[in-house]
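Visitor: Each chain, letter by letter, is given below.
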Amino acid sequence: MKELIAFFSRYSKWLVLLVYAVISLVLLFRSDPYRHHLWLTSANTVSGAFYKVSHNITAYFSLRQVNEDLNARNAVLEAEVVNLREQLNTMRLAGFTDTMPTPDSVSHFNFIVANVINNSIHHPQNYITVDRGSLDGVEPEMGVIDHSGVVGTVSAVGPHFSRVISLLNPNFRLSCKIKGSDNFGSLVWDGRDPSEAILEELPRHTVYSPGDTVITSGYSAVFPSGLPVGTILDDGRDHKENFFTLRIKLFADFSRLSNVQIVTDNFRDEIKIVETNTIVNSDPTKK
Amino acid sequence: MNKTTLSLLLQFVVLVPLQAVFFNNLVLFNVAMPIVFIYVIISMPITMGPNKAMTIGFLLGMAVDIMSDTPGLNALCCTILAFIRNFVFHLYMPTDADLAEQSPSIRNMGVAAYLKYAGTMVTIYCAMVFCLEALQSWNPWLYLSRIVASSVFSLLIIYAIASWARNKNEKRL
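Protein chains in written order, with my numbering: chain Z, 1 to 287; chain G, 1 to 173.
Derived from the structure by calculation, the hints contain no laboratory data. Please note: incorrect hints may appear among the correct ones.
[Stated by the list, open to error] No more than 25 Å apart at the CA atoms, straight line, and that leaves these computed lysine-lysine pairs for BS3-like:
#1 G:Lys116 <-> G:Lys168
#2 Z:Lys2 <-> Z:Lys13
#3 Z:Lys2 <-> G:Lys52
#4 G:Lys52 <-> G:Lys3
#5 G:Lys168 <-> G:Lys3
#6 Z:Lys13 <-> G:Lys52
If you're wondering where the values come from, they're calculated on a predicted model, not measured in any experiment.
So that you can see chain G by itself, here it is in the shape it has in the complex (with noise of 0.2 Å):
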């Protein structure tokens, strides 16, 4: 097992627990749910293939839905985010960029690159899932409010994981 399996499972233990028990309930102004474990799939190691990036999406997504009794809902969504993943990864950096097994971090991209990249991500990631939810209960305005401040909320979070990654690496070297 190497150090990039063995990195994406203990994201992948810590943070499913911590979305299913923390993040869920963390709901600020009734808009506002940070989703925070779609982490693993934004710092998977882009030269990752396709067929392995969505199992490992499906089943990240699987594994939250049975903990908060939304079945399907983030397994498709991940599967998806998981699909789309390098093409958006692109849109931001050159693709002829040095990347052989490295993940998207602040430290490979650069702040400015990485902000974009994970914002792109993490809305698209609450746009389809409020668009799915609101399905099943129509209220656009609740959902569109719901899209717009969960987006900003587990951003930051999310970024605030990443510098604290970054920090740490910085420490090891």
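Pulled out of the complex, with its shape left as it was, chain Z reads as follows (with noise of 0.2 Å):
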């Protein structure tokens, strides 16, 4: 007994590097980011309010930029506006009206407004932290847009923060097809660009042309369908393989992002039942 309490008190130094060391290499490799508990994320309350101060004091830096991108984005929906109200009009003299089902796509999808407090671009892996919480109505995979693009998906929620998994780390995965065809791929960042990334998967008679514009194609409960992520960089047509890898420029600026918008689906819990239901159903051994 003696001989152990010596030889662990001769060692000790080693033997507390080495469950330090281990304890950090778990955290490092273990790397499922939506099972992080919430306080070893930035949405924790300590680190949220940290945030929060400075970003209340950083983000009268950036109003022009923010006034400027949100008049731009004011003229775009204003000339939508223009239009569809020209087609109501059309329709409604056509006499359609009474006769035409109202589609309901304005109720499925609500936004939760918020700001960006905390954002990185340089790791491998990047996480945007949100000053809105479970409080707010944000859950777990939610998606998250900005004014001009797809921005990443809800991982950890706090009564008052967030943290968002940016689009640029290679855990995001985003389903997406080329605005006018049906083939949809999916688009993934290689660590290299923060204003690039990559669409894989895409069969490879898919038709496109450098500068088509990448939509979201809205196979997931996450974000609608239509949504705008890039323009097609470069003809990367490889011939060997039975798919085409796309470098893709992003439409959203990641190193200035200051409001975003976190969509809430309306019938999300009811996709999941209906999905999770057709599993069981359609499972031939279970009769």
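Got two chains here, each in a separate frame; can you build the complex from them with the hints?
Guide: Shown next, in the form of structure tokens:
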């Protein structure tokens, strides 16, 4: 027993090093960001409060840019309203209003407006902290967009703050298609340029040209379909593979994110129930 | 609570949020990221036991990790840095010098020796952090240039803090 204690006291620094190193390595290589404990993310109360204070100070410096973005966005929406109003009038004149069912897409998705209080773009796995939490209705796996395109999905939610997995994180994959075609692929960041990402697994027969717009496919309850993501940069046609892999220039400027919207799907629970039921019913062994 | 513990605590409380809120966003040319919070490890008293030093290092790294969403990365590197600290220190300073309760500083070591000691520590730290990051996204030239640029940039700021601390102490004396 005495020798054992002597052994431990002699090698105690190696033991301490080993214990701390093992804890760190476990945290470092446990990669699923949805399973991070809230207190180990930037969305916890203490670091959230720090970021909120610093955001309150620094937000003023980007007000001019934010204003310009909002004006530009406003102009686009204004034009869309005019177009839709015109279409509505044409249809009303044609006498369709009584017989046509009104689409309920307006009530399908809602948005929670949030401020980005912390953001990184230089790590291999980047995260964003926003100042809205479960008290504001945020839940894990909700989509996050800004005025120009897709930003990420929510991974950890505290009462007042949430952590978002940025699009600039290889753990985040987004189902996308090229505008005007129905073939979809998977968008993922390759860890190089914060303004570019890779669209992979696009079927070989897809017709496209550089400059085409890439939009969300809507094949998940996270993002509505048709949200802008980016444009095709180059003709990376690889004729050996069965799938295309393309470089995409992202619309969202991650170096100066300020205001974002968290997408809440009103039919999320219903879709989940339907999907799980379908799997159970289509299982031929269960009868 | 003695003076050393108090100054250590003060450095911890000031430098961790400053790193997360300010220095993490002060990246020049997409390569030079200042890592300033390791000043706490660099200036811990050399007589401090290795277990205590590593515990402080681990907690320091963990605090930065939590705030910047890099779980485990800085905790691991800070623990190792605290472990090898005495070895690096004695590379440039004789072992028999009277160092009781003294922290490595410009005043205690002289400019040249302090620069060598702090420079070695910073370079080792940047090499560890960016090598671990490179494992997650293979891009050797980017991470090699990040090691070099970040080491230089971090050393500049740490030296500025150290000389500010020296001036403050001299005024007090």
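Visitor: Hints first: check each against the structure and report whether it holds.
Guide: Right, here's what the structure says about each hint:
1. G:Lys116 <-> G:Lys168: holds (22 Å)
2. Z:Lys2 <-> Z:Lys13: holds (19 Å)
3. Z:Lys2 <-> G:Lys52: Roughly 24 Å between the alpha carbons, so the hint for Lys2 of chain Z and Lys52 of chain G holds.
4. G:Lys52 <-> G:Lys3: This hinted pair holds, its Cα atoms lying about 17 Å apart.
5. G:Lys168 <-> G:Lys3: The given pair, whose Cα atoms are some 15 Å apart, holds under the 25 Å limit.
6. Z:Lys13 <-> G:Lys52: holds (9 Å)
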